[in-house]
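Input sequences plus hints: build the corresponding full structure.
For the record, the sequence lines run as chains S and C. Everything in the first sequence is counted per my numbering, starting at 7 for the first residue and increasing by one. Everything in the second sequence is counted per my numbering, starting at 715 for the first residue and increasing by one.
It is worth saying that the hints were derived from the structure and are not from the lab. Treat the hints with care, as some may be off.
[What the hints assert, rightly or not] List time: in silico DSSO-like cross-link candidates among lysine-lysine, alpha-carbon distance up to 30 Å:
1) S:K55 to C:K981
2) S:K36 to S:K24
3) C:K719 to C:K962
4) S:K152 to C:K981
5) C:K981 to S:K211
6) S:K211 to C:K962
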Amino acid sequence: MNENGSQNTIILQVGNLKKYFPIRRGFFQKITGWVRAVENVSFQIDRAKTLGLVGESGCGKTTVARLILKLLAADGGQILFNGQDITQLDEKEMKPLRKEIQIIFQDPYGSLNPRMTVGQSIAEGLNIAGIHSRSQQEQRLEKLLKMVGMSPASSDRFPHEFSGGQRQRVGIARALSVEPALIICDEPVSALDVSIQAQIINLLKDLQHQLQLSYLFISHDLNVVGYLCDMVAVMYKGQIMEYAPTDALFDHPIHPYTHLLLSAIPDVDRNIDTEMHATADEPGRTLKSQDGCSFQDRCPLVENRCRHDLIEFEQAGPDHRVRCWKTARDGSDPFF
Amino acid sequence: MVDNKALLSVKELKVYFRSEHEVARAVDGVSFKVGREETVCLVGESGCGKTVTALSVMGLVPIPPGEIAGGRILFEDQNLLVFNDNEMQAIRGNQIAMVFQEPLTSLNPVFTIGDQIGEAIQVHQTAPQNEVIHRREQLLKDVGIADPAQRLKDYPHQLSGGQRQRVMIAMALACDPELIIADEPTTALDVTVQAQILRLLESIQKKRSMSVLYITHDLGVVSKVADRICVMYAGIIAEQGKKDAVLKTPKHPYTQALLASLPNREKRGQRLYSIPGTVPNPAYKPDGCPFHPRCRHAIQTCREQYPLMCEYEDGHRARCPVIFNGNKEKL
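Right under this line is the structure:
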């Protein structure tokens, strides 16, 4: 979905991805229904570009990450990495590909083994990458630590000796140790103070540039996403509601849920008085998924059709897709 | 503001924590006021002393290892720091109430919502049973909880994060306090729920003519709720003033740096400003201005002398004579 299709390589292409979890009740754990945690999710990430996956808690964005990493098996759809469908691969075939897709976690305190030194944590990756000789490892370790802005002396120290921001840098070094093509960043800066956040964001950008890395950037923070991402996919209850280049999403949001998210961001520079109000408090407490649009309970534009029809992902502009029959067609913005 | 007399006046507050080998100066000479019907935000990153300041107002700082090393906290002209336990108990919940960050850990999981709100009412006021029952339901209605009669019978785990926080706010309102201290009340919530809770606080404040002392690290939230802002760093107030003055024309290098480092869509393509160095250990603060090792405007006097507060107009003040004298604008 890019103008220079032939020049940019698509590193990851996800098509109609599905993951359902059974709801079990009763003494015999009988299946009474399904939670459609990920439903018909499609997107792509180009080489050296960043796709933001935005949504609130429970929308399925972390499940999507797990599916791409093959920590969970998909119930349907394809995941094409460099053109190859990895959903069809068995564990043996998948093994050499695992180094290509890495992940950085949200919690810098929980994601490092407290009983291993920083050097040992990163060296795990080097071993997997086939770098076994002691001197080679030390060399790579030094290079990696420098790349993430830490002194080589850090390698002999333990995680508890470092701050949250520093631990996050170690997590990044560890992800880089196997020379991946794609890094999934799962809320990597949410737990950090503002000034540290800026450092880590700058680091991620620099690394992307230096190493031609692609990122799937998962976040609920639209300010960070707006700054860092090239394309954005907005998720709600397992489905992608809107998918567009960043500027298009922020300047011409179409889906009612996107409007709700954008108007909810408290932003220092923006003074939006026209706020969109959802009609209900939060996503409902019912586990079972419902017919029609998953946003029906909160949407101020809801109509009967929204409760029954299968809502398709429609083209609303070049590179801009929306899952809303009402707003996708309408040229004028219903909110202004 | 309704009248000029401040409801809460903190003067040169110093709160230190002593251990065997060192003294951590968590709050190191903090002064600010909260007027009637006003929302004042204490903003700062982790470790700046904002939560200890709030806990000091409520008399909740553990002593020892904490100690009030100086200053006064005047609430309606009475110095809370000289109150004994009973006197503080009478103020707490009644006239000053607190809303904490994590509603799940602040609510008792083995008691119903109704029991806990009822307790909040009865600990601080004596009221007949039927009045308590009526007020509990009214409080849940006031905080926008649907089907309040049913919710009173629920346990905390049966409610969503947003609903739990609304219950916390209801408990804080139970005795009609004049001042609510809210410590990061929306940090653990989704952004759309956060927006609703902020709107709720705003409407309650107007209805009940309450003041709010809002503690947060989130400058975006501050821009929505604050009348006035106090920016804290390493236990001191670096800058304070009306919201627009501080956010649009910041006069302290730390405030300027913080604003410059915020990511947003408009800054795409530019490098984010990142403040070099790290926050000082409260037990080993540098001489002179605590921010000087990280400050791009620092000169020799900054390293030697603790800077005085410089006055700009309309109550806007910043603890940086370099900016004050040089008339330097934003980064």
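Okay, the hints, checked on the actual structure:
At roughly 17 Å between alpha-carbon atoms, K55 (chain S) and K981 (chain C) fall within 30 Å of each other, so this suggested pair holds. Between K36 (chain S) and K24 (chain S), the direct Cα distance comes to roughly 22 Å. Compliance with the 30 Å bound is thereby established for this hinted pair. The hinted pair formed by K719 (chain C) and K962 (chain C) meets the criterion: a straight-line CA distance of about 27 Å does not exceed 30 Å. A distance of roughly 27 Å separates the Cα atoms of K152 (chain S) and K981 (chain C); the hinted pair therefore holds under the 30 Å criterion.
Restraint check for K981 (chain C) and K211 (chain S): the C-alpha separation of about 13 Å stays at or below 30 Å, so the hint holds. Distance restraint check for K211 (chain S) and K962 (chain C): the Cα-Cα separation of roughly 28 Å lies within the 30 Å cut-off, and the hinted pair is therefore satisfied.
The structure shown violates none of the earlier numbered hints.
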